[in-house]
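> The lines below spell out each chain.
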Amino acid sequence: MGAFLQTLGRFQVTTEVTGERVLADGQKLQHTATASMDVVRPNKLRVRMASPRSERELIFNGKVVTLYTPALNVYSTAEVVDTIAGMIERLQEKFGVEVPLSDLFLWGTPAAPLDKIQSAMNAGQDFVGDDLCDHYAFRQGNFDWQIWIQTGGKPLPRKIVITNRADEARPQSVSLIDWNLKPTFKDSTFAFMPPKGAKRAEIVPVKTK
Amino acid sequence: MKNSFSRLLVAPLAVLVMGSVALAPFAEAAGKKGGGGGGAKPKAQVNNSKKDVRTNNVRNTSVNNVNKNVNVNVDNNRGCCNNGWDNDYHPIATAAAVTATVAVTAAVVGSIVSAPPPGCYPVNYGGIIYQQCGSVWYMPQGPQYVVINPPY
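Sequences listed follow chains A and B, in order. Just so you know, we're using my numbering here: the first sequence kicks off at 1 and counts up by one. Just so you know, we're using my numbering here: the second sequence kicks off at 1 and counts up by one.
Honestly, the hints are just simulated from the structure, not real lab data. Among the hints, a few may not be true.
Claimed, not checked - Derived DSS-like pairs (lysine-lysine); straight-line CA-CA distance at most 27 Å:
1) A:Lys199 to A:Lys186
2) A:Lys28 to B:Lys50
3) A:Lys44 to A:Lys154
4) A:Lys44 to A:Lys182
5) A:Lys63 to A:Lys182
6) B:Lys51 to A:Lys28
Since the model is a prediction, treat every value here as computed from it, not as a measurement.
Only chain A is shown next, with the shape it has when bound in the complex (with noise of 0.2 Å):
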């Protein structure tokens, strides 16, 4: 799968996850939220996620990084000359921002090195929507995860299931992944012109310990 997906060189993803947050005495609340991907690698991604707390778009020329907030009219930039993966992981590393299943641009990479799971298990095989997967189930330090993989020549990640096992009451995401491997998006997409009075925010690295 993760070679599969580094071959991928335009698509698009849409995903839905559910999540939970755990209250102070073990309560747990689920949330879900919407996103979806225009991706041509190696550099340009442009995202639009949306929860009932916010909706936001990332758009990501190669060269620099816009953070735009549609409800309010603000964006945010920030240069960053990498691979989608590389400014993935300086978003979130120095502002605290988190993409969008960022596994699907590390997977494949020695950035997912296989050694650091300690446990897998074969789950059988189980559908997606109508679409036939195998069900694979992983331990790796507090996090159990398990993937559903689209049985046949496109091995195409279709669920993913991380359960936190650090908390007693194991919160839990799951995310269903849609592909569509011959999107109509132009490149124009990546190109950010800010609407008509939108106002820049500065945006401010996140303090470090």
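Chain A is fixed; fit chain B onto it per the hints.
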């Protein structure tokens, strides 16, 4: 599905029904900016005014990425919870809203206004857009703004 993002999703889970309702204000916001579905009927705004304050007292969350979260220390620099792309929940802001005691200059932390006063400017910290007005910070909460303790 009138939301321009979610129409791309094949959604086998009933959960999406909740999701589509919850996404409503942003579909509307996108429509105002000309980015929406073209004549789509505005949907209802999310209204959290009756939300129990205990929902803000979060000790942990799920995570969304395997490699980041497994190979890197999960504890980030911003406390317990702000560690997912979907998770713009802000522990500082909400903790402030819960306590709602200390007055920072004129604005009481936790108080809600319809718009920040003039002279504020937007600041992006951790992917969240705040409004800074001197030493007073506001965080957008739906169509309103809540006064928070400084995020950094």
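> Would you mind confirming whether the straight-line C-alpha gap from Lys44 (chain A) to Lys154 (chain A) stays at or under 27 Å?
Cα-Cα ~22 Å, so holds.
> CA of Lys28 (chain A) to CA of Lys50 (chain B), is that 27 Å or under?
At roughly 18 Å apart (the allowed maximum being 27 Å), Lys50 (chain B) and Lys28 (chain A) satisfy the hint.
> Sort out whether Lys182 (chain A) lies within 27 Å of Lys63 (chain A), counting only the CA atoms.
holds, 25 Å
> Please verify whether Lys199 (chain A) and Lys186 (chain A) have alpha carbons no more than 27 Å apart.
holds, 26 Å
> Hinted pair, alpha-carbon criterion (27 Å max): Lys44 (chain A), Lys182 (chain A). Please report holds or violated.
holds, 16 Å
> Check the hint pairing Lys51 (chain B) with Lys28 (chain A) against an upper bound of 27 Å on the C-alpha distance.
The given pair, whose Cα atoms are some 15 Å apart, holds under the 27 Å limit.
No hint from the list above goes unmet by this structure.
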